[in-house]
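K.L.:
Sequence:
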Amino acid sequence: ITFAQYLQRCSYDGLSKLVKDVVDLAHTCVANEDAPDCTKPLPSVFLDEICQVDKLRDSYGEMADCCGKADPERNQCFLSFRVHHPDFIAPYQRPAADVICNEYKDHRVQLLGNFVYSVARRNPFLHAPAILGLAAEYENALKTCCPQSDVGACLDEKVHQISAIKEKAKHIGVKQKHGCRILEKYGERVFQASKLARMSQKYPKAPFPELVKMVHDVKDVYKECCEGDMVECVDDWSELVTSLCSKQDVFSSKIKPCCELPAVERTKCIMEADFDDKPDNLPSLVEKYIEDKEVCKSYESNHDAFLSEFVYEYSRRHPEYSTELIMRVTKGYETLLEKCCKTDNPAACYRDAVVELNKHVKETEDVVKTNCELFNTHGEADFLKGLLVRYTKKMPQVLTDTLFEIGKKMTAVGSKCCSLPEQKRMSCSEHYLSIVIEDMCKRQENNPINEQVSRCCNELYSYRRPCFTALGVDTKYVPPAFDPMMFNFDEQMCTAPPAEREAGQMKLLINLIKRKPQMTEEQLTTVAGGFTAMMDKCCKQSDVNSCLGEE
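Just so we're aligned, residue 1 is where the sequence shown starts under UniProt numbering, counting upward by one.
Certain hints may be false.
Stated by the list, open to error - Have a look at the derived ranges for each label pair, beta carbon to beta carbon:
(1) CYS341 to LYS219: 27 to 33 Å
(2) MET519 to GLY61: 42 to 48 Å
(3) MET519 to ASP65: 45 to 51 Å
(4) HIS27 to PRO421: 48 to 54 Å
(5) ALA381 to PRO95: 35 to 41 Å
(6) SER284 to GLU445: 41 to 47 Å
(7) ALA90 to SER284: 54 to 60 Å
(8) VAL361 to ASP37: 52 to 58 Å
(9) LYS339 to MET519: 41 to 47 Å
(10) GLY187 to VAL361: 24 to 30 Å
(11) ASP87 to ALA381: 25 to 31 Å
Claimed, not checked - The list that follows gives simulated cross-link-like pairs (lysine-lysine, DSSO-like), each with its CA atoms no further than 27 Å apart:
(12) LYS168 to LYS256
(13) LYS170 to LYS416
(14) LYS105 to LYS20
Since the hints were derived computationally from the structure, they do not count as laboratory data. Backbone N, C-alpha and C define an ideal beta-carbon position, used for all residues, glycine too.
Sequences are here, hints too, so could you generate the full structure?
P.N.:
Okay, here's the thing in structure tokens:
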């Protein structure tokens with residue numbers, strides 16, 4: 001897994017040689033700890049192997065320059081060359097059923113090794129336990145299907161399950177990459193606050209000290225895994241999961257089935273487990289955090305511990321909120337205490353805290369409600385159009401293709417989250433939107449889009465989504481002169497496959513807004529109506545191009 005994620009272009013056999021070298025070294029060191037290279041940290045062993053690869057520069061170009069750096073810079077350099085969606089890897093073609101079953105019977109290790117290799121190189125940020133969990137599910141499918149009379153049909157059904165499993169793995173991969181990014185960009189405090197909120201929602205019956213310890217351990221595991229050393233990563237995750245399973249009665253009844261699985265399948269199962277039911281009769285938080293006379297004293301004596309406990313108490317009462325919203329509420333509460341505890345009468349100052357903090361809740365609930373209503377009543381195409389209009393006005397400087405891609409990603413969030421039960425929608429949509437926004441902000445680091453986008457990207461992690469939502473038209477943008485060639489209509493618009501036609505029309509819409517960012521809803525509707533009428537008329541003509549030219 002480690003080598004396939006670093007060297008995504010290498011063949012299975014090529015990587016097997018590197019793996020053999022490292023395994024041989026491990027055997028040597030077990031026999032004699034003082035042998036050469038045995039004191040080297042494991043990550044250095046992997047990278048030294050990679051740097052000895054023949055003709056590394058021929059396959060990987062500039063990545064070979066990483067070998068000239070010292071650790072840990074060398075590792076950071078290699079990580080920066082990982083390709084998130086490698087288009088140089090052909091889509092997986094499943095061999096015939098009888099071939100797979102014979103392979104499994106005669107060469108089990110090689111077959112499963114190949115599966116692990118193909119998942120790892122396609123998902124270079126997915127932590128190893130998730131990949132091993134997938135391999136276990138793949139093997140279970142083969143065990144079930146190979147003895148059947150119709151192996152193909154059985155595997156087809158399983159493949160449907162496995163592609164669902166792969167989809168989940170992709171989502172876990174995106175989440176884990178995002179987790180690494182938060183840790184790297186915002187630091188441990190923000191990462192731990194976000195994990196504490198999430199875990200308090202998931203394990204609302206667990207005592208606060210247990211969760212704090214668990215969050216600390218998760219942060220340490222992420223540090224290992226984000227640095228790309230998947231041997232340590234598996235080791236750390238399995239320790240964490242063993243510790244969680246040894247206290248499952250303290251944490252949650254929902255993880256019991258996961259803890260009964262073989263070690264390799266546990267981590268993924270626990271990550272996907274449902275939230276536990278929250279305890280009955282939890283008291284209101286107003287007494288402890290607003291009405292209590294000692295609030296400022298508690299806050300000032302141990303700032304972080306006091307706020308962590310607030311995150312825990314607030315999160316376990318609100319499984320329906322997104323972690324980002326919980327972080328905004330906590331930040332709002334912290335800002336209020338910072339201000340009020342310096343006054344002569346703190347209690348009077350933060351008396352309206354609930355009203356203030358609920359503004360964050362209302363803003364987020366409204367955004368989710370409005371967008372999901374739009375999506376569920378008007379469908380995907382109209383939802384995408386609305387997004388493209390809004391976001392082109394916010395950042396008209398972005399390339400048309402990139403705006404279209406951002407719109408598609410945000411629409412995918414709508415289709416994934418708006419079909420969920422209401423209490424899961426906010427968490428789902430804000431989480432995935434944060435990932436889309438983070439992606440966009442990372443791209444613009446070296447090439448700023450405009451002042452207002454830079455301002456939102458520099459916001460606190462949890463405040464970025466509301467910042468983007470609130471953006472209006474970029475008033476400093478000067479549209480380029482109107483160029484009719486931007487709107488070249490040809491018969492492709494009638495003959496291309498539907499998906500291409502739709503993409504072409506959406507890009508025309510983006511280009512129109514770029515020329516006329518102040519366009520009103522009514523003007524857009526008029527233009528769109530005219531466009532539809534023109535397409536209906538001209539696509540029926542024998543000479544489509546001259547009809548389009550005239551129109």
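K.L.:
Each hint should be assessed against the structure and marked as holding or not.
P.N.:
These are the hints, each one checked on the structure:
1. A hinted range of 27 to 33 Å for the beta carbons of CYS341 and LYS219 is consistent with their spacing of about 29 Å.
2. Checked against the hint of 42 to 48 Å, the pair MET519 and GLY61 passes, with Cβ atoms roughly 44 Å apart.
3. About 48 Å separates the C-beta atoms of MET519 and ASP65, a value consistent with the hinted range of 45 to 51 Å.
4. A hinted range of 48 to 54 Å for the beta carbons of HIS27 and PRO421 is consistent with their spacing of about 52 Å.
5. Distance hint check: the CB atoms of ALA381 and PRO95 are about 38 Å apart, consistent with the given range 35 to 41 Å.
6. Under the hint 41 to 47 Å, the C-beta atoms of SER284 and GLU445, about 43 Å apart, fit the expected range.
7. Hint check: ALA90 to SER284, Cβ distance near 58 Å, so the stated range 54 to 60 Å holds.
8. A hinted range of 52 to 58 Å for the beta carbons of VAL361 and ASP37 is consistent with their spacing of about 56 Å.
9. The hint said 41 to 47 Å for the Cβ distance between LYS339 and MET519, and at roughly 42 Å that hint holds.
10. Here the CB-CB span from GLY187 to VAL361 is close to 26 Å, well matched to the stated 24 to 30 Å.
11. Here the CB-CB span from ASP87 to ALA381 is close to 26 Å, well matched to the stated 25 to 31 Å.
12. With a C-alpha separation of about 21 Å, the suggested pair LYS168 and LYS256 falls inside the 27 Å cut-off, and the hint holds.
13. For the hint linking LYS170 to LYS416, the alpha-carbon distance of about 14 Å falls within 27 Å, and the restraint holds.
14. For the hint linking LYS105 to LYS20, the alpha-carbon distance of about 23 Å falls within 27 Å, and the restraint holds.
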